[in-house]
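Here is how the chains run, residue by residue.
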Amino acid sequence: MTIIKVGMADLKVIKAPGILTTLGLGSCVGIALYDNANKIAGLAHAMLPFSNEIIKNENKAKFVDSGIKLLIEKMIEKGAKKENIVAKIVGGSQMFSYNMECSILKIGERNVMAAKMILKNEKIKIISEDTGGNYGRTIQFNSQDGSVIVKTIGHGIKTI
Amino acid sequence: MDNGKFDFMTIDVLKEIGNIGSGNAATALASMLSTRIDMNVPKVRIIKFEEIPTLLGGEEELIVGIYLKLKEDIEGSIMFILDIESAQNLVKMLLGDKAQLLEEMSISALLEIGNIVASSYVNSLSLLTGLKITISIPAIAIDMAGAILSVPAIEFGYISDQTLFIETVFKQKEDLVRGNLLLLPDINSFEKMLSSLGVH
Numbered sequence: 001m002t003i004i005k006v007g008m009a010d011l012k013v014i015k016a017p018g019i020l021t022t023l024g025l026g027s028c029v030g031i032a033l034y035d036n037a038n039k040i041a042g043l044a045h046a047m048l049p050f051s052n053e054i055i056k057n058e059n060k061a062k063f064v065d066s067g068i069k070l071l072i073e074k075m076i077e078k079g080a081k082k083e084n085i086v087a088k089i090v091g092g093s094q095m096f097s098y099n100m101e102c103s104i105l106k107i108g109e110r111n112v113m114a115a116k117m118i119l120k121n122e123k124i125k126i127i128s129e130d131t132g133g134n135y136g137r138t139i140q141f142n143s144q145d146g147s148v149i150v151k152t153i154g155h156g157i158k159t160i
Numbered sequence: 001m002d003n004g005k006f007d008f009m010t011i012d013v014l015k016e017i018g019n020i021g022s023g024n025a026a027t028a029l030a031s032m033l034s035t036r037i038d039m040n041v042p043k044v045r046i047i048k049f050e051e052i053p054t055l056l057g058g059e060e061e062l063i064v065g066i067y068l069k070l071k072e073d074i075e076g077s078i079m080f081i082l083d084i085e086s087a088q089n090l091v092k093m094l095l096g097d098k099a100q101l102l103e104e105m106s107i108s109a110l111l112e113i114g115n116i117v118a119s120s121y122v123n124s125l126s127l128l129t130g131l132k133i134t135i136s137i138p139a140i141a142i143d144m145a146g147a148i149l150s151v152p153a154i155e156f157g158y159i160s161d162q163t164l165f166i167e168t169v170f171k172q173k174e175d176l177v178r179g180n181l182l183l184l185p186d187i188n189s190f191e192k193m194l195s196s197l198g199v200h
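Residue numbers (my numbering), protein chains in the order written: chain L, 1 to 160; chain R, 1 to 200.
Chain L on its own, in the form it takes in the complex (with noise of 0.2 Å):
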């Protein structure tokens, strides 16, 4: 089956067969998008939680909210229908703990806040999750069922 690797702040849809893959994925969050009756499906690999936080904001797939919105347009254009449409997000981790406050080492836990808030804005569900701790993640996303499977080092495997 055909496996397209989605990188850092990229976004890719594809139709029934096929694998979509994300690796090594930290602090970002994976966020997968399904319409289980069109068989499309869609995986978004953001960076930081909102555009409008940046000045430097024109890669759309860099951020949860622009991503998830691009996402969505083009999993429409490839024939999904939007109200079919049911996510898992995977992700948003912290790599490094510090005792100190400071706002960007909690990007992970800020990225998936984010995603939560978008998805609840289109009216999405999230069906399952694997978010939080301090452990990298791959995931490989099946588009024939829409089953994501979590890879990681030491914390074991596991299908949501």
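Don't take every hint at face value.
Said to hold, decoys possible - Computed list of lysine-lysine pairs in DSS-like fashion (alpha-carbon distance at most 25 Å, straight line): (1) L/LYS5 - L/LYS60; (2) R/LYS48 - L/LYS106; (3) R/LYS173 - R/LYS92; (4) L/LYS106 - R/LYS71; (5) L/LYS74 - L/LYS120; (6) L/LYS116 - L/LYS5; (7) L/LYS106 - L/LYS82; (8) L/LYS158 - L/LYS60; (9) L/LYS151 - L/LYS82; (10) R/LYS48 - L/LYS5; (11) L/LYS69 - R/LYS48; (12) L/LYS56 - R/LYS132; (13) L/LYS69 - L/LYS120; (14) R/LYS132 - R/LYS15; (15) L/LYS69 - L/LYS15; (16) R/LYS15 - R/LYS92; (17) R/LYS173 - L/LYS56; (18) L/LYS151 - L/LYS5; (19) L/LYS82 - L/LYS123; (20) R/LYS92 - R/LYS48; (21) L/LYS60 - R/LYS48; (22) L/LYS151 - L/LYS123; (23) R/LYS71 - L/LYS56; (24) L/LYS120 - L/LYS81.
Keep in mind the hints are simulated off the structure, nothing from the lab. All values reported here derive from a predicted model rather than from experimental measurement.
Place chain R on chain L using the hints.
Then chain R, alone, in the frame of chain L:
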């Protein structure tokens, strides 16, 4: 960031900054391990931040990253990276053959190594430029390269789509330990560093 600004002379100056900093760091590392440490000529690299996670080969490669933040006149971060085998050999050289990588003692030893390497680098940088630079306490992560390197990538993501950094490779004489030291100042700090040295 505008690439055009970085002409050959600027790149040379940055290389020299890296050279002096890494030279000190290598000396500190060598005296701690009582062994010879060689280093390459530092590379000044300008890459897209998306490419940072692939810097050390695969995104899923297991690595050890020791991360410190730079503050005051220069903002940014410094990261000392070891492949897993090097980290194992390093703790054995420090603590004896029985030491295991994931033990608390080994983790503190690695943190301390990172601390000393980074401080020596930053001290010489500070002396050279006359700028005041302080470093945070070190933090460590042992995980996928992509996940670890996403941390500095995100910081750069705030200001730019590209990043400029100085990379040095350290090598112990029997090749038991290999490390990469990345100095990642933010864009404004680069300008400060250069103007303190009379460039521009």
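Results for each hint:
no.: 1; hint: L/LYS5 - L/LYS60; verdict: 18 Å, holds
no.: 2; hint: R/LYS48 - L/LYS106; verdict: 23 Å, holds
no.: 3; hint: R/LYS173 - R/LYS92; verdict: 16 Å, holds
no.: 4; hint: L/LYS106 - R/LYS71; verdict: 18 Å, holds
no.: 5; hint: L/LYS74 - L/LYS120; verdict: 19 Å, holds
no.: 6; hint: L/LYS116 - L/LYS5; verdict: 24 Å, holds
no.: 7; hint: L/LYS106 - L/LYS82; verdict: 31 Å, violated
no.: 8; hint: L/LYS158 - L/LYS60; verdict: 29 Å, violated
no.: 9; hint: L/LYS151 - L/LYS82; verdict: 29 Å, violated
no.: 10; hint: R/LYS48 - L/LYS5; verdict: 17 Å, holds
no.: 11; hint: L/LYS69 - R/LYS48; verdict: 24 Å, holds
no.: 12; hint: L/LYS56 - R/LYS132; verdict: 29 Å, violated
no.: 13; hint: L/LYS69 - L/LYS120; verdict: 12 Å, holds
no.: 14; hint: R/LYS132 - R/LYS15; verdict: 20 Å, holds
no.: 15; hint: L/LYS69 - L/LYS15; verdict: 18 Å, holds
no.: 16; hint: R/LYS15 - R/LYS92; verdict: 32 Å, violated
no.: 17; hint: R/LYS173 - L/LYS56; verdict: 44 Å, violated
no.: 18; hint: L/LYS151 - L/LYS5; verdict: 15 Å, holds
no.: 19; hint: L/LYS82 - L/LYS123; verdict: 9 Å, holds
no.: 20; hint: R/LYS92 - R/LYS48; verdict: 36 Å, violated
no.: 21; hint: L/LYS60 - R/LYS48; verdict: 15 Å, holds
no.: 22; hint: L/LYS151 - L/LYS123; verdict: 28 Å, violated
no.: 23; hint: R/LYS71 - L/LYS56; verdict: 23 Å, holds
no.: 24; hint: L/LYS120 - L/LYS81; verdict: 17 Å, holds
In summary, the numbered hints that this structure violates are 7, 8, 9, 12, 16, 17, 20 and 22.
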